[in-house]
Each structure stands twice: as structure tokens, then as C-alpha cells.
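The lines below spell out each chain.
2 protein chains.
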Amino acid sequence: MSVLIKNVSIVTMTEPELVYGYVLIKDGMFHTVNSGEPTDELISEVGRIVNGQGKWLLPGLINTHGHKGMALLRGHSDDLPLHRWLEEKMWPFEAKQDRQAVRAGRDMAMAEMILSGTTTFLEMYHLFMDDFAERIEEVGMRASLMRSMIGLCPKSEQEAKLDEAKLFAKQWHKKASGRIQTMLAPHAPYTCPPDFIERIVEEARHMSIPVHMHLAETQFEVNKHQEQYGIHPFDHLEEMGLLSNVHWLFAHGVYLEDTHLDRMKEYDLAVSYNPVSNLKLGSGVARVDEMLRKGLTVGIGTDSVASNNTLDLFEELRMGALIQKGQSHDPTTLQARDALKMGTVNGAKALQFENLGKIEKGYEADFVLVAPNEVHLQPKEHIISHLVYATKGTDVTDVYVKGKPLLENRELLTLDKERIVFEANEEYQRILQK
Amino acid sequence: MSVLIKNVSIVTMTEPELVYGYVLIKDGMFHTVNSGEPTDELISEVGRIVNGQGKWLLPGLINTHGHKGMALLRGHSDDLPLHRWLEEKMWPFEAKQDRQAVRAGRDMAMAEMILSGTTTFLEMYHLFMDDFAERIEEVGMRASLMRSMIGLCPKSEQEAKLDEAKLFAKQWHKKASGRIQTMLAPHAPYTCPPDFIERIVEEARHMSIPVHMHLAETQFEVNKHQEQYGIHPFDHLEEMGLLSNVHWLFAHGVYLEDTHLDRMKEYDLAVSYNPVSNLKLGSGVARVDEMLRKGLTVGIGTDSVASNNTLDLFEELRMGALIQKGQSHDPTTLQARDALKMGTVNGAKALQFENLGKIEKGYEADFVLVAPNEVHLQPKEHIISHLVYATKGTDVTDVYVKGKPLLENRELLTLDKERIVFEANEEYQRILQK
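Respectively, the protein sequence lines represent chains B and A. Under full-length UniProt numbering, the first residue of the first sequence carries the number 1, and numbering increases by one thereafter. Under full-length UniProt numbering, the first residue of the second sequence carries the number 1, and numbering increases by one thereafter.
In short, the hints are calculated from the structure, not lab data. Incorrect hints may have been included.
Copies of one chain are not kept apart here, so a pair can be met inside one copy or by any two copies together.
Stated by the list, open to error - Derived lysine to any residue pairs resembling SDA-like cross-links, with alpha carbons at most 20 Å apart:
hint, residue 1, residue 2
1, Lys265, Thr39
2, Lys166, Phe422
3, Lys417, Thr394
4, Lys89, Ile383
5, Lys166, Glu381
6, Lys294, Asn373
7, Lys174, Ile231
8, Lys224, Arg410
9, Lys265, Leu292
10, Lys89, Glu381
11, Lys161, Lys434
12, Lys155, Gly362
13, Lys224, Asp330
14, Lys166, Leu127
15, Lys161, His187
Model, not experiment: these values are computed from the prediction.
Make a model of the complete structure from these sequences and hints.
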């Protein structure tokens with residue numbers, strides 16, 4: 001069915017930056033993006049007309065790193081050193097989680113993302129990935145999914161995990177009308193021996209899918225790798241010849257030198273910047289200003305709500321831009337439009353989704369409407385500025401993926417909010433008392 | 001009239017930290033704070049009963065630094081170097097502002113603050129302060145007001161400004177049933193010659209009111225002061241004997257050494273931490289972790305929306321806590337409850353309001369209700385964590401100042417939201433085209 005959204009300020013993420021007019025969607029793609037009013041002829045042809053009433057239409061936001069399977073852990077523990085936080089709080093709870101609990105958390109996460117304008121996300125987790133893929137197919141979001149692998153185990157166990165990860169990746173790659181893609185994901189250099197990472201990369205090359213991994217999140221982990229192998233983990237991957245002939249998306253990349261960034265650019269690698277999680281866990285601040293200057297592809301991610309504690313990408317964009325300015329002592333760093341690119345078109349590139357992240361003919365019709373009606377968005381004419389520095393997730397009124405509405409006037413169409421709120425609390429308590 | 005709020009989780013900011021029960025308000029003060037259910041006898045006596053339905057009741061947030069008179073400048077300019085931002089964007093617009101424009105901006109600012117749970121704020125500005133005081137009296141907020149003075153002018157002009165500031169401070173101190181207090185406010189050491197600051201401090205001592213001033217916001221300004229006077233601006237104030245026998249509240253304090261912090265503690269001075277503004281303008285990060293360790297009184301402020309771009313103190317608390325963790329590489333720094341203290345009881349102390357910032361018998365009944373109903377606050381039991389790391393200003397449903405409601409179920413009772421939105425845009429355009 002064709003859909004026409006008229007009377008909107010379109011933030012295109014291409015040239016021109018802003019168009020006041022309408023978009024026509026056919027078969028889940030943008031067919032026309034035009035200024036002014038649609039013709040009567042066009043109006044008579046379309047299946048559905050939405051009057052945008054002066055709202056802002058922009059590409060749906062793209063969250064390039066996270067673990068939605070941990071969503072019930074929001075607020076479960078804060079303000080602890082990383083190892084105590086993991087060992088005393090996160091892992092004991094995660095070990096008790098079953099399918100029902102993980103599903104409740106993920107439904108909550110999807111609802112939160114849709115309600116704050118995210119249409120596409122990455123999920124790196126080890127539990128019940130098939131279950132999640134089925135739910136995503138029903139709910140209508142777009143996602144890059146992977147069965148995360150920790151390699152601190154016997155070879156046979158490593159191979160079993162890799163088999164599971166490959167099977168999942170094969171079964172779901174480009175499924176759900178192309179809304180689901182997959183990757184292979186060694187957890188991190190500090191949890192996967194080099195030869196296991198090598199095995200995984202070989203398989204990813206063979207399957208022509210990308211690899212996602214945590215890299216250089218903390219100084220501690222980089223130092224430990226240097227002690228153990230005498231080399232920085234990035235240099236180690238390069239020395240092993242693992243960086244070419246495959247698309248890499250690294251999460252974090254806080255502890256990287258200039259020379260690493262130069263070589264990342266040569267390999268055309270992508271990085272997920274996760275500013276809030278990196279701050280909250282005391283890890284530090286990734287050198288995103290330099291990454292962007294060197295032309296690297298940088299997406300933005302929330303990581304899990306256990307270390308954030310929200311999935312609202314508008315928060316992440318604002319914080320991500322502000323912290324770069326503060327860190328570099330330069331207010332011209334990471335300007336509003338660059339932050340928006342990170343959250344849209346560059347996120348799509350990082351995840352290797354084609355024709356995603358712009359409002360342009362031939363692109364996927366994944367977009368959100370933001371109503372500039374609240375006091376905190378006045379005066380309302382500074383659209384690009386407000387989207388990064390003033391908009392709240394709650395200003396999002398409508399969300400579409402592949403031309404299909406998932407949120408209308410803040411009503412979730414494919415998820416049951418009351419049930420989600422109820423079950424998130426029920427399941428959290430049940431697992432806690434297990 | 002007495003008001004009873006029952007069935008709420010009370011975040012007291014004293015011991016015990018959380019009480020599930022009710023509060024009774026008489027004559028604008030908390031009369032009873034109790035766990036459990038109110039007795040039938042009590043219920044039969046009170047004028048008004050509000051069923052809190054499991055909401056969280058906490059002290060109204062306190063914003064210790066800002067310039068609401070600049071509110072129309074939200075999004076007017078971002079991502080520019082400070083001097084170009086000021087000289088090309090802020091000052092030309094401000095020079096054209098008249099009473100009507102400033103009022104429209106301030107009405108918008110008050111609406112935004114109430115809608116996001118702020119009950120008390122500081123206003124440092126040079127224009128139409130009487131007008132604002134009258135509006136605040138009508139609207140029902142609590143505020144510390146001051147006519148800001150820049151001293152880069154002939155002595156006669158300095159004295160005229162000081163006369164105006166003193167007159168305003170006298171007329172409004174402890175007015176509006178005590179909701180309004182005043183200070184004297186030299187703008188900054190880089191805009192006020194030392195002898196002018198001395199004159200102002202003498203007057204503040206004479207009038208027994210505090211002094212508020214920007215201090216050490218940027219490295220540039222501190223370096224310039226060193227060049228001109230051969231001394232750090234804080235040391236300069238101390239050398240002149242201006243730090244004792246008066247309450248100082250400094251804004252920013254980004255460039256202070258340990259020795260300064262030690263002496264600030266000796267003088268029992270207060271600091272307003274303005275994390276977002278300091279990041280956005282590329283100024284840096286105040287050493288709040290060390291300030292708190294040394295026992296300094298630290299409040300939190302948004303500065304103006306021109307450099308923020310929101311007045312939502314929940315955003316400021318979250319960002320303020322996160323950036324300290326990231327800066328210090330220590331996740332245990334500035335924990336959630338310390339951030340909340342900064343936004344409530346310590347803010348009250350910084351502004352020298354008595355009996356403000358706690359939910360306790362004998363304290364001013366300034367409080368907000370937060371509804372933990374939205375998806376992003378689930379599981380809902382982690383109240384202190386969620387208030388800092390997950391709550392949005394939009395989760396605030398009700399706001400009371402001195403026992404009187406200003407917001408009920410997100411409806412503003414003393415301001416007209418539609419008119420404010422309309423006028424903010426009208427006035428912005430009018431001044432722009434002037």
C-alpha cells in the first residue's frame with residue numbers, strides 16, 4: 001500500500017538538508033520526496049494520507065551496539081567498579097535468566113526504542129537469539145543480530161558455539177523482508193583466544209557477513225593484552241591478517257592511538273561510539289572527533305540499559321556530541337548535523353544495511369515524526385539543533401519501518417505497552433528470587 | 001489549606017532514604033511524613049487528598065545558575081567558538097530584546113522548568129528583573145534573583161547599576177511569602193574591575209545577602225587574569241579580603257586547583273556545577289568529585305538554554321554524574337544519591353534557602369511527583385537509580401511549591417502553555433527582524 005505523509009519538515013540527511021513538503025512511500029521504499037503540496041492527482045492515487053501538521057520527518061535512528069537480552073537489569077546495579085558490577089551483579093542475574101525473562105526484557109527494550117524513535121538496532125547476545133529474531137519479525141523493527149561468543153572454554157565448546165552462531169546467522173540473514181541481517185561476533189580479545197577469533201573471521205569471510213566485537217573499551221583490558229601478547233589488541237588482529245576481506249564493526253574503541261585510526265580508515269572499518277556506557281562504567285571517552293576527521297564510519301550505540309540506563313538515542317546523540325566538545329575543549333567539534341549523521345546514515349553503513357538512513361528516493365522508508373509542540377522545543381525553527389540538543393524521545397509521535405507504522409500518535413501498534421510494563425516487573429522479581 | 005498526598009514512595013533526602021506512605025502539608029510546610037496509610041481521623045480533617053498511586057515523591061529540583069532572560073535564544077546558535085558565539089550571535093540579539101520579548105522567554109523557561117520538576121531557580125540577568133519578580137510571584141515558583149552587573153564602564157555607570165541592583169535586592173528579598181530571595185551579582189572577574197567587585201561585596205555584607213559570580217569558567221579567562229594581575233582570580237578575591245563575612249555562590253569553577261578547593265571549603269563557599277553548558281561551550285569539566293570529597297556545597301545549574309539547550313534538571317543530573325565518572329575513570333564517583341543531593345538539599349544550601357530540599361517535617365512543601373509508568377522506568381523498583389539515570393522530565397506529573405500545585409497531571413495551573421508556545425515564536429521572529 002502506498003502512504004503519503006504531507007506537511008512535514010523533512011530532515012533528509014542528504015542535499016538539500018531540509019525540505020518542507022511531502023514523501024510518498026511505495027512498497028516500503030521512498031518513491032518521492034518533494035517540497036510543497038502533493039498534487040490532487042497524487043492524492044487520489046495513494047492508499048493512505050497522513051497530515052504531518054508541521055512535524056519533523058527524519059530517518060529512524062540506528063543503534064549500533066547493545067545487548068537487549070539484559071534489559072531487565074536496568075538500575076539493578078550502578079556506581080560500582082566494573083569487575084564487581086559484572087561478577088557480583090550482572091553475571092549472577094544473567095545466569096538465572098530463562099527464555100521467558102529474556103523475552104520480557106527484549107519486548108520492553110523494543111517498546112522503549114520505538115517510543116524514542118529508534119527503528120534499527122544491533123543485538124549481540126548469547127541467549128535465545130532465534131526467539132528474538134521471531135519477535136522482531138512480528139514487531140516490525142529492523143535489526144542486525146548475532147549470537148555472541150565467549151571463547152574461554154575448551155575447543156569443542158568453542159566449535160559448538162560457532163556452529164550455533166553460524167546456523168543462526170545463515171537462517172536469519174536478509175530475512176523478515178530484509179529487515180533482519182546477521183553478523184558473527186567474538187565477544188572481545190580479552191574473552192576470546194586469538195585462534196578462536198581467527199576461526200570466526202574465516203567463517204564470516206566465507207559467509208560474506210560482517211564481524212562485530214568489543215575492542216579497547218578499557219585501559220585495563222588493553223594493558224592486559226599487551227602483557228599477555230606484547231601487542232595492542234588492534235595491532236594483534238592486523239598482524240594476524242584478520243582485518244581485510246571482511247567488514248568489521250568494533251564497539252567502543254576508547255583506547256586507540258592515531259596510528260590505529262589511520263589503519264582503521266585504510267581497512268574501511270566501522271566503530272560504534274557508546275558515550276554514555278563508556279562514561280557510566282568509568283571507561284573514558286572514545287576519540288570520535290579524530291575518527292571523524294580521518295573519515296572513519298562511526299555509528300552510535302547505547303550498549304545495554306544496565307550501563308546506560310536508557311535506550312533513548314536522542315539522549316545518546318546529545319551526550320555524545322557534548323562530551324566530544326568538552327573533551328577537546330572545542331565547541332565546534334561534532335556539530336549537530338554530524339551527530340545526526342552518526343545516528344542515521346553512518347549507523348546504517350556501520351551495520352551494512354543498504355539504502356538506509358536517508359530520506360531519498362530509493363531508500364528504505366524507515367522514518368520517525370517528531371512533534372515540535374512542547375515548550376522545550378521553542379522557538380521551533382532550529383530543527384537540526386533541536387534534534388540533537390533539545391529533543392526528548394517522548395517528542396517522537398510516529399515511527400515507520402519499511403513503510404509500515406509501528407507507532408502512531410505515541411500508541412504502539414505491534415507491542416502491548418501495559419503487558420510489557422507488567423511483565424518486566426514480574427519477570428525481574430521472578431528471576432531475582434530464583 | 002491542608003493537603004494530604006498518600007500512597008507514594010517518598011525520596012526524603014534524609015534518613016530513612018525512602019518511605020512508602022504519605023505526607024501532610026499545612027501552611028505550605030510538611031507537617032507529617034509517615035510510612036503506611038493515613039488514619040481515618042486524619043483523612044476526615046484534611047482539606048484535600050491526593051492519591052499518589054505509587055508515584056515517587058521527591059523534593060522539587062533546584063537550578064543554581066541560569067539566565068532565563070535569554071530563553072528565546074535556544075538553538076539560535078550552536079557549535080561556534082565562544083567569542084564568535086557571543087559577539088556574532090548572542091549579544092546582537094540580546095541588545096534588541098525588549099520587555100515583551102524577555103517576558104515571553106521567561107514564561108517559556110518557567111513552563112519548561114515546572115514541566116520537568118524544577119521548583120526553585122537562580123536568575124542572574126540585567127534586564128527587567130522587577131517584571132520577572134512580579135511574574136514569579138504570580139506563577140508561584142521559588143527563585144533567587146539578582147540584577148547582574150558588568151563593570152566595563154565609567155564609575156558613574158557602575159554606581160548606577162549597583163544602585164539598581166541594590167534597590168531590586170531590597171525590594172524583593174524574602175518577598176512573595178518568602179519564595180523570592182535576592183543576591184548581588186558582579187558578572188565575572190573578567191568583566192568587573194577588582195574595585196567594582198569590592199564595592200559590590202561591601203554592599204552585600206551590609207545588606208546580609210549572598211554574592212553570585214561566574215568564576216574560572218574557561219582556561220582563557222583565567223590565563224588573561226593571570227597576565228593582567230599576576231594572580232588567579234580566586235586568589236585575587238581572597239587577597240582582597242572579599243571571601244569572608246559574606247555567602248558566595250560561584251558559577252562554573254572549572255579551572256580551580258586543589259588549594260583553591262581547600263580554601264573554598266574554609267570559607268564555606270558554594271559552587272554551581274553546570275556540566276552541559278561547560279561541555280557545549282568546550283570549557284571543560286569542573287572537578288566536582290574533588291569538591292564533594294572536600295565537603296564543598298555543590299548545586300547544579302543549566303546555565304541558559306542558549307548553551308544547553310534544555311532546562312530539564314533530570315538531564316543535567318544524569319549528565320553531571322556520568323561525566324564525573326568518565327573524567328575520573330571511576331564508576332563509583334558521584335553516585336546517584338549524591339547527584340540527587342546536589343539537585344535538592346545542596347542546591348537549597350547554595351542559594352541559602354532555609355528548610356528547603358528535603359521531605360521532612362518543618363521543611364517547605366516544594367515537591368514533585370514522578371510516575372514510574374513508562375517503559376523506560378521498568379523494572380520500577382530502583383527509585384534512586386532511575387531518578388538519576390533513567391527519568392525524563394516528562395515523567396513528572398505534579399509539581400508543588402509551598403504546598404500549592406503548579407502542575408497537575410502534566411497540566412500547568414498558573415501558566416498558559418499554548419500561549420507560551422505561540423508567543424515564544426512570535427517574539428523570537430519579531431526581535432530577529434528588528
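Quiz item: 20 Å Cα cut-off: does Lys161 pair with His187 within a copy, between copies, both or neither?
Solution: within (12 Å within a copy, 63 Å between copies)
Quiz item: How do Lys265 and Thr39 come out at 20 Å by Cα distance, when the copy is not named: within, between, both, or neither?
Solution: neither (46 Å within a copy, 69 Å between copies)
Quiz item: Within a copy, between copies, both or neither: where do Lys224 and Arg410 come within 20 Å Cα-Cα?
Solution: Neither, since 47 Å and 52 Å both go past 20 Å.
Exercise. Have a look at Lys89 and Ile383 and pick one of within, between, both or neither, based on CA distance no larger than 20 Å.
Key: Between copies only: 17 Å across, 41 Å inside.
Exercise. Can you give me the call for Lys174 and Ile231, within, between, both or neither, at a CA distance of at most 20 Å?
Key: Neither: 37 Å inside a copy, 66 Å across copies.
Quiz item: What label fits Lys224 with Asp330 when the C-alpha limit is 20 Å: within, between, both, or neither?
Solution: Between copies only: 18 Å across chains, 33 Å inside a chain, cut-off 20 Å.
Quiz item: Between Lys294 and Asn373, at a C-alpha cutoff of 20 Å, which is it: within one copy, between copies, both, or neither?
Solution: Answer is neither: 38 Å inside a copy and 44 Å across each miss the 20 Å cutoff.
Self-check item: Homo-oligomer pair classification [Gly362, Lys155; C-alpha up to 20 Å]
Solution: Answer is neither; intra-copy 46 Å and inter-copy 67 Å both fail.
Quiz item: For Lys89 vs Glu381, is the C-alpha pair at or below 20 Å within one copy, between two copies, both, or neither?
Solution: Intra 46 Å, inter 16 Å, cutoff 20 Å: inter-copy only.
Quiz item: Is it within, between, both, or neither for Lys166 and Glu381, if the alpha carbons may be no more than 20 Å apart?
Solution: Neither: 49 Å inside a copy, 39 Å across copies.
Self-check item: Status of Lys434 relative to Lys161 across identical chains (alpha carbons, at most 20 Å)
Solution: Cα proximity of Lys161 and Lys434: none, with 26 Å in one copy and 68 Å across.
Practice problem: With 20 Å as the alpha-carbon cut-off, assign the pair Lys166 and Phe422 to within, between, both or neither. | Solution: neither (35 Å within a copy, 57 Å between copies)
Checked against the numbered hints listed earlier, the structure breaks hints 1, 2, 5, 6, 7, 8, 11 and 12; every other hint is satisfied.
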